[in-house]
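Asks: Residue numbers (this note's numbering), protein chains in the order written: chain A, 1 to 315; chain B, 1 to 356.
Each hint can be trusted.
Distance condition first, Cα-Cα at most 35 Å in a straight line; then the derived DSBU-like pairs of lysine-lysine: (1) 73(B) with 117(A); (2) 117(A) with 17(B); (3) 116(B) with 184(B); (4) 167(B) with 184(B); (5) 184(B) with 104(B); (6) 73(B) with 17(B).
Just a few of them, taken from the derived set where beta-carbon distance is under 8 Å, the chain B residues facing chain A: (7) 52; (8) 72; (9) 77; (10) 78; (11) 79; (12) 83; (13) 85; (14) 89; (15) 98; (16) 103.
Please keep in mind that the hints were generated in silico from the structure rather than gathered at the bench.
Since this is a predicted model, take the numbers as computed values, not measurements.
Ideal placement from N, C-alpha and C gives every residue a C-beta, glycine not left out.
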Amino acid sequence: MATVLKPQSVSPRLATLSRILDHPTVLSVIFMLPAASILLLFLTYPLGLGIWMGFTDVRIGRPGVFIGLENYISLWYDGVFWLSVFNTLLYTTVATVLKFGLGLWLALLLNHSLPFKAFIRAIVLLPYIIPTVLSAIAFWWIYDAQFSIISWSLERLGLIDRYIDFLGDPWNARWSLIAANVWRGIPFVAICLLAGLQTISPSLYEAAALDGANAWQRFRHVTVPMLMPILSIVLTFSVLFTFTDFQLIYAITRGGPMNATHLMATLAFQRAIPGGQLGEGAAIATAMIPFLVFATVFSYYGLQRRKWQQGAADD
Amino acid sequence: MAGVVVRDVEKAFGSVKVIHGINVDIADGEFVVLVGPSGCGKSTLLRMIAGLEEITSGSIWIGGRQVNNVPPKDRDVAMVFQNYALYPHMTVYDNMAFSLKLRKADKAVIDERVRKAAEILNLSDYLQRYPRQLSGGQRQRVAMGRAIVRDPQVFLFDEPLSNLDAKLRVQMRTEIKALHQRLKTTTIYVTHDQIEAMTMADRIVVMHDGVVEQIGTPLELYDRPANLFVAGFIGSPAMNFIAGTVSRNGSDAWVEAGQGVRLPLPADAPAEAGRQVIYGIRPEHLMLANGSDGVPARVEVVEPTGAETQVFVEMAGTQVTAVFTERHPFRSGERIALSPRLDCVHLFDAETGRHL
Chain A
1 MATVLKPQSV SPRLATLSRI LDHPTVLSVI FMLPAASILL LFLTYPLGLG IWMGFTDVRI
61 GRPGVFIGLE NYISLWYDGV FWLSVFNTLL YTTVATVLKF GLGLWLALLL NHSLPFKAFI
121 RAIVLLPYII PTVLSAIAFW WIYDAQFSII SWSLERLGLI DRYIDFLGDP WNARWSLIAA
181 NVWRGIPFVA ICLLAGLQTI SPSLYEAAAL DGANAWQRFR HVTVPMLMPI LSIVLTFSVL
241 FTFTDFQLIY AITRGGPMNA THLMATLAFQ RAIPGGQLGE GAAIATAMIP FLVFATVFSY
301 YGLQRRKWQQ GAADD
Chain B
1 MAGVVVRDVE KAFGSVKVIH GINVDIADGE FVVLVGPSGC GKSTLLRMIA GLEEITSGSI
61 WIGGRQVNNV PPKDRDVAMV FQNYALYPHM TVYDNMAFSL KLRKADKAVI DERVRKAAEI
121 LNLSDYLQRY PRQLSGGQRQ RVAMGRAIVR DPQVFLFDEP LSNLDAKLRV QMRTEIKALH
181 QRLKTTTIYV THDQIEAMTM ADRIVVMHDG VVEQIGTPLE LYDRPANLFV AGFIGSPAMN
241 FIAGTVSRNG SDAWVEAGQG VRLPLPADAP AEAGRQVIYG IRPEHLMLAN GSDGVPARVE
301 VVEPTGAETQ VFVEMAGTQV TAVFTERHPF RSGERIALSP RLDCVHLFDA ETGRHL
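Please work from the sequences and hints to get the whole structure.
Replies: Right, dumping it as structure tokens:
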């Protein structure tokens, strides 16, 4: 029995509405709205406000006025600010290199069949699970001038006569903080790279072995290129996290001694909140943006899917 | 080029023994196929020859040299993997050149050999592509090219065609065989597909549960299977098996199967009366008989393929397949009579499964 489809008897207005709602562009805008508004409210607005505040002389308890680039000009002649830039770059570079070297090494170890593999993997994650402030306090004790377990052990071993002043000397303090950051950061790198290693087909290694590659050549020609995509993602995140680190520094040294361990993030906080100079703090924080954008753009190009990862398209 | 000798080889993974003493002699230039169902140990044996698995006991010789403790890279064997194992970050050219580069071969030599292999395999137009940009059959050829450029003593193939579609599989089968005829390199080829084994091999090694069931040329295995397993594994559609008891009356001999059905035997059949046997007959050796001459059967399903027609019948309580090249107008449920060709009947001991 053939049924004749009659035009539904709805009002033309409703029909227009339903046609508009069926449009993919309209639909996608509607569906994105909740997520977009959260982003706008909690990310874009604070970021915009921060940048604006950098151009004002706002203080705690007093609305500021627009002063143009004055904050930035005064920072330009501020030795402490430049010291914090230097510290941040040193901290990020050295810690990242160490985290990746040690993390890759650990991932390669864990990728082999070890006894108690699952247990060891769980232990590796431990530094990452502990709240940052908690581990910072632990490191504070480890580096304490009087109660340091490192100094105590080295003295007992007869290697030193006098306790090391870990946090009192500028360079000691810097290296101490880098060590703490590396300790905290390795699990993230190691677990990510381990995940990457496990996606590499074992038959590639077997094929390489039959092709005559020794262990180093297999690492160089199979592991490294296959790991590259995930390596660059992890590298980006690691650089961003390290560059903007705050908790560890603030809990262990608060930027001391003599601003020797102030990173840009801690200095911005120091000037803005305890110091009350919200405008100047915002300017310091804003000054981090070019560095972060550079790191992101750098990795964006580094991250671009390599030709061999792309689909079946012709050249 | 070189022969391969496998002597009393056993393999155990922990306490689980998967290969129980295997002996195979492969002559120089021979194309040998290891065939068997999944888990029979054929791939493990191949991997032991390649050096990717350790040998638990016994020894393997390649070209007169014992290789038990020789690492894979020094065995001078090339392997084609089931998943091809092409390096995804290298072009076709670099994939093929990789082993020669590692060996620090001269650039001109590498170029010449890669281009020659590419020409043989019809890959010349794809040398600058990445594996991702190739079809399954092309990737398969690159994997073969990678093996060819090395000019190894032995080629090892581990189920190389199982990821390809049916049509391509038939085509690649022919290509691999032609390649072997051209290069004459000793080849060991693993498959679970008996048709691949039959069509490609000089000799077939049938494996089952970690032991060798039979070694022989394809037609030897087909015509004279050593036991029930080989008889059932080689040939498609598979050989029919009907259980029964040997009976004799003067010069007449037959197998008394279920439901009073008598399956005829040649008078010189090597089995005394009263023996429990399995009666084996290949589908194409069942002829259509006239009326009461043959064994009664009831047609169940008819499957015409064009060239031939497969007829599934019920005979002596067992499902039996017959293949006819003529086109008979059978209908389901029809009663027909089939007569086995007496010279093609196989008898197996019901207990041991050995061919009698």
